[in-house]
Amino acid sequence: MSTAATDDHHDDHPESPYSIKRWLFTTNHKDIGTLYLWFSFIMFLIGGVMALVIRTELFQPGLQFVDPQFFNSMTTMHAIMMIFGVVMPAFTGLANWLIPMMVGATDMALPRMNNWSFWILPFAFTMMLSTLFMDGGGPAGGWTLYPPLTLQTGDALPFVILSMHFMGLSSIMGAINVIATILNMRAPGMTLMKMPLFVWTWLITAYLLIAVMPVLAGGITMLLTDKFFGTSFFNAAGGGDPVMFQHIFWFFGHPEVYILILPSFGVISSIIPTFARKPLFGYASMVYATGSIAFLSFIVWAHHMFTVGMPLAGELIFMFATMLIAVPTGVKVFNWIATMWRGAMTFETPMLFALGFIVMFSIGGFSGLMLALAPVDFQYHDTYFVVAHFHYVLVPGSIFAIIASVYYWLPKWCGNMYSEGLGKAHFWLSTIFVNLTFFPMHFVGLAGMPRRIPDYALQFSDYNMIATVGAFGFGLSQLLFLYIVIAAIRGGKKATSQVWDNAEGLEWTIASPAPYHSFVTPPAIK
Amino acid sequence: MMVNTWIKKMFVALSTLLMVGSAHAVQPYNMTRGVSDISGDVYSMHMIAFWLCVVIAVAVFAVMFYSIYAHRQSKGATPATFHESTTAEAIWTFIPFVILIGLAIPATKTLIAMEDTSDYDLTVKITGYQWLWHYEYIDEGVDFYSVLDTPRTQINNAENKNQNYLLEVDNELVLPVGKKVRFLITSNDVIHAWWVPAVAVKKDAIPGFINEAWTRINEPGVYRGQCAELCGRDHGFMPIVVRAVPEAEFDQFLAANTTLEQNTEYAMAD
Numbered sequence: 001m002s003t004a005a006t007d008d009h010h011d012d013h014p015e016s017p018y019s020i021k022r023w024l025f026t027t028n029h030k031d032i033g034t035l036y037l038w039f040s041f042i043m044f045l046i047g048g049v050m051a052l053v054i055r056t057e058l059f060q061p062g063l064q065f066v067d068p069q070f071f072n073s074m075t076t077m078h079a080i081m082m083i084f085g086v087v088m089p090a091f092t093g094l095a096n097w098l099i100p101m102m103v104g105a106t107d108m109a110l111p112r113m114n115n116w117s118f119w120i121l122p123f124a125f126t127m128m129l130s131t132l133f134m135d136g137g138g139p140a141g142g143w144t145l146y147p148p149l150t151l152q153t154g155d156a157l158p159f160v161i162l163s164m165h166f167m168g169l170s171s172i173m174g175a176i177n178v179i180a181t182i183l184n185m186r187a188p189g190m191t192l193m194k195m196p197l198f199v200w201t202w203l204i205t206a207y208l209l210i211a212v213m214p215v216l217a218g219g220i221t222m223l224l225t226d227k228f229f230g231t232s233f234f235n236a237a238g239g240g241d242p243v244m245f246q247h248i249f250w251f252f253g254h255p256e257v258y259i260l261i262l263p264s265f266g267v268i269s270s271i272i273p274t275f276a277r278k279p280l281f282g283y284a285s286m287v288y289a290t291g292s293i294a295f296l297s298f299i300v301w302a303h304h305m306f307t308v309g310m311p312l313a314g315e316l317i318f319m320f321a322t323m324l325i326a327v328p329t330g331v332k333v334f335n336w337i338a339t340m341w342r343g344a345m346t347f348e349t350p351m352l353f354a355l356g357f358i359v360m361f362s363i364g365g366f367s368g369l370m371l372a373l374a375p376v377d378f379q380y381h382d383t384y385f386v387v388a389h390f391h392y393v394l395v396p397g398s399i400f401a402i403i404a405s406v407y408y409w410l411p412k413w414c415g416n417m418y419s420e421g422l423g424k425a426h427f428w429l430s431t432i433f434v435n436l437t438f439f440p441m442h443f444v445g446l447a448g449m450p451r452r453i454p455d456y457a458l459q460f461s462d463y464n465m466i467a468t469v470g471a472f473g474f475g476l477s478q479l480l481f482l483y484i485v486i487a488a489i490r491g492g493k494k495a496t497s498q499v500w501d502n503a504e505g506l507e508w509t510i511a512s513p514a515p516y517h518s519f520v521t522p523p524a525i526k
Numbered sequence: 001m002m003v004n005t006w007i008k009k010m011f012v013a014l015s016t017l018l019m020v021g022s023a024h025a026v027q028p029y030n031m032t033r034g035v036s037d038i039s040g041d042v043y044s045m046h047m048i049a050f051w052l053c054v055v056i057a058v059a060v061f062a063v064m065f066y067s068i069y070a071h072r073q074s075k076g077a078t079p080a081t082f083h084e085s086t087t088a089e090a091i092w093t094f095i096p097f098v099i100l101i102g103l104a105i106p107a108t109k110t111l112i113a114m115e116d117t118s119d120y121d122l123t124v125k126i127t128g129y130q131w132l133w134h135y136e137y138i139d140e141g142v143d144f145y146s147v148l149d150t151p152r153t154q155i156n157n158a159e160n161k162n163q164n165y166l167l168e169v170d171n172e173l174v175l176p177v178g179k180k181v182r183f184l185i186t187s188n189d190v191i192h193a194w195w196v197p198a199v200a201v202k203k204d205a206i207p208g209f210i211n212e213a214w215t216r217i218n219e220p221g222v223y224r225g226q227c228a229e230l231c232g233r234d235h236g237f238m239p240i241v242v243r244a245v246p247e248a249e250f251d252q253f254l255a256a257n258t259t260l261e262q263n264t265e266y267a268m269a270d
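Residue numbers (this note's numbering), protein chains in the order written: chain C, 1 to 526; chain R, 1 to 270.
Read the hints as simulated data drawn from the structure, not as lab findings.
Even glycine gets a Cβ: it sits at the ideal position worked out from N, Cα and C.
Possibly wrong hints are sitting among the right ones.
To be verified - From the derived model, a few chain C residues whose C-beta atoms are all more than 12 Å from chain R:
#, residue
1, F123
2, F159
3, F298
4, I325
5, W341
6, M345
7, E420
8, T509
9, V520
Said to hold, decoys possible - Taking lysine to any residue pairs in the SDA-like style, the calculated list, with each CA pair at most 25 Å apart, reads:
#, chain 1, residue 1, chain 2, residue 2
10, C, K424, R, E249
11, R, K180, R, E249
12, C, K227, R, R233
13, C, K494, R, N156
14, C, K494, C, P515
15, C, K227, R, T186
16, C, K194, R, K75
17, R, K109, R, V54
18, R, K125, R, A113
19, R, K75, C, T346
20, R, K75, C, D135
Claimed, not checked - Per the computed footprint, the stretches of chain C lying under chain R, defined by three or more beta-carbons under 8 Å from a beta-carbon of chain R, are:
#, segment
21, 53–66
22, 211–224
23, 299–309
24, 313–320
25, 447–456
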């Protein structure tokens, strides 16, 4: 597959760096990675504003600012934006930037399809956001789109469904590209068990994507036909069952949340060894644990549905399988700590975010274990306890991992160091505010506050007020991140090839910034 | 060994303190113990899981924070080179697995008990609507709608909110204490969920299907819950109020209410 081509023809930079044509038609994995990451950040700000609308209304009991229907569309769209518009594109951007460099390939396997995978997204999200202005408003039945409620959506429904199809297409094509690249384009000598863990986690994530995105596509198409073409998939009067949608959705939905977290595990496994100056503990176990988590993720979906009226045997099986996931996840946490143990740590910004990830993701994992206990879940389900759980694993989980990646690899991408002092400030502000926002949600959930309500009983007031303050603080702190990144790109201390003292991996053997085409000749692997 | 026994005693004492203190009062920060045997079991299971997680978290984070403190380059540490240990991996795979089994056994017992709706004394059919509940006492000839009773002026901040803001209804669901009540739950339109934390009953109300649940309330009182499945605009405004009364009072309630005046102004204006 790889040829020993001469170096004469490769460009160190594209011909017209600032033209629209370059960005529109690029097939370069670095450009496409950059596009995905900037797109993701813009979506993060939009989704974040939606969260602030929610938190503003929830600052005090009573209806003050928005109509309840609009409030519901905010909770719905906030989730759609964050899941499909922020976390997935950000990890795909990281995959694009890093996987070819990490395996010693010059680009992704299918560069033109790569371009299209990205450019579908701005189109899809423009369509999705435009639904807020349509007759009947945007989708307001939750990102989970349960019928019959979702079928009460107005004109927006077909546009929501079509835009989700586009997002799914983008993810599936991206996943195909990742698998084809990893399986076919590794430099000679790089066996699968020599790949960086980030590459492994993305390989497994890509298989999850291909397995489950089509299932979501099927489910939302059935919503479309129920609404417009006279089918009764989810309508009891016609012989159907609304709960069947939930099974279809969550068969996608549960692996989806692992899609949202597995690349994070790869990121953390890259960062901790570098700053502990010690090899990753238990590389093989980490690979097997990731694979186990991915496998188990297919057999736990109905733990999102413990209250639908499932037979006892079903509830028990799903409870046991869900609890089992704690084992490989625990193995990963222990392995990270064992990597740190008797290392020689320093605490640059990427390391701070990685350490914060381990602590706070674990807290989210503990609330997840509690949720797995089906009889107790009857008190947790559809309350703020669930909201607290998934925000802990997604925000100081996935988002912190994405932020850590940017701090870690930005010097490689742009050739300049970011300001370490500002980076640390960003970490501490984010950590303090993220906990202020989401920790109180455990309490109000346990005390009985349901999800997806714009107004609440008086006993929930205090913690809601704290959460709102935290949310605004967290949001503002991300503007600091934007400043740090832009300032680094525009100029800063020049980065070396190695960048970090103890960083291992092929990407650290080439110049910073990485040349436009790297590894045109495959490197030798020891 | 002495220390171990002492630690165990402290643990038991602290847990009991926290469990006893909670009774069935509505606390702003924790699940209620509730007023049924099942709700008590669920609460205990929750507290056991919670403390287990706290202990594990404290232990794991202690190791981690110690390492952050002691194994830092600025302290002059030289990094070790070890990077695998099958023994360690086996231990920290096996021990969590055993702990999970320890949790799964009581959880299974409680779940089996919750699903057993046999030998009921009374059946109530509950129908979810957008955005109110309908209750029917099967074979007793009593049925009525139950609608949020909080004045619009309080919701719109024109008046101070009363103590039961958003948790009060015009017609409460009256139930007898000490009797096994079976609920048949369905919906007229979209999926709702009927939830009363004090008895740990939460079940989806699905149009075209009937779900079963049950409870036996041990203490008279008023217990408030909310709809627990997003059902549209006023999902947050369709609460549930159960009034548990002694059997004699319950019989009087039935006798007096075979035709009940209904509050038909349930729709939230605009």
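Hints, verified against the model:
Chain R leaves F123/C outside its interface by the beta-carbon criterion, the shortest separation being 29 Å against a cut-off of 12 Å. Against chain R, the non-interface label of F159/C holds: every CB pair exceeds 12 Å, the least being about 20 Å. Even its closest Cβ contact with chain R, about 19 Å, leaves F298/C beyond 12 Å, as expected for a residue assigned away from the interface. The Cβ of I325/C does not lie farther than 12 Å from every Cβ of chain R; its closest approach is about 10 Å, which violates its non-interface assignment.
A beta-carbon of chain R is positioned within 12 Å of the beta-carbon of W341/C; the least distance is around 5 Å. Its beta-carbon lying about 5 Å from the closest one in chain R, M345/C breaks the requirement of being farther than 12 Å from that chain. Against chain R, the non-interface label of E420/C holds: every CB pair exceeds 12 Å, the least being about 15 Å. With 12 Å as the threshold on Cβ separation, the claim that T509/C sits away from chain R holds: the shortest Cβ distance comes to roughly 21 Å.
The Cβ of V520/C sits about 33 Å from the closest Cβ of chain R, beyond the 12 Å cut-off, so the non-interface label holds. Using a Cα cut-off of 25 Å, the hinted pair K424/C and E249/R is violated, with the two alpha carbons roughly 65 Å apart. Among the hinted pairs, K180/R with E249/R is consistent with the structure: their alpha-carbon atoms are about 16 Å apart, no more than 25 Å. Restraint check for K227/C and R233/R: the C-alpha separation of about 20 Å stays at or below 25 Å, so the hint holds.
Pair hint K494/C plus N156/R does not hold up; C-alpha atoms about 58 Å apart against a cutoff of 25 Å. For the hint linking K494/C to P515/C, the alpha-carbon distance of about 15 Å falls within 25 Å, and the restraint holds. Simply put, K227/C and T186/R have alpha-carbon atoms about 22 Å apart, close enough for the 25 Å limit, and the pair holds. Restraint check for K194/C and K75/R: the C-alpha separation of about 32 Å exceeds 25 Å, so the hint is violated.
As the CA atoms of K109/R and V54/R are separated by approximately 24 Å, the hinted pair is consistent with the 25 Å bound. Under the criterion of a C-alpha separation no larger than 25 Å, the hint pairing K125/R with A113/R is consistent with the structure, at around 21 Å. Taking the CA atoms of K75/R and T346/C, the gap is near 10 Å; set against the 25 Å cutoff, the hint holds. For the suggested pair K75/R and D135/C, the alpha carbons sit about 64 Å apart, so the restraint of at most 25 Å is broken.
For a cut-off of 8 Å, the count of residues in the segment 53–66 of chain C with a CB near a CB of chain R stands at 4, and the three-residue condition holds. With a threshold of 8 Å between beta carbons, the proposed coverage of the segment 211–224 of chain C by chain R is violated, since 0 of its residues qualify and at least three are required. Counting residues of the segment 299–309 of chain C whose CB falls under 8 Å from any CB of chain R gives 3; the rule of at least 3 is met. Beta-carbon proximity to chain R at under 8 Å applies to 4 residues in the segment 313–320 of chain C; the threshold of 3 is reached and the given coverage holds.
For a cut-off of 8 Å, the count of residues in the segment 447–456 of chain C with a CB near a CB of chain R stands at 9, and the three-residue condition holds.
In terms of the numbered hints stated before, the structure departs from hints 4, 5, 6, 10, 13, 16, 20, 22, listed from lowest to highest.
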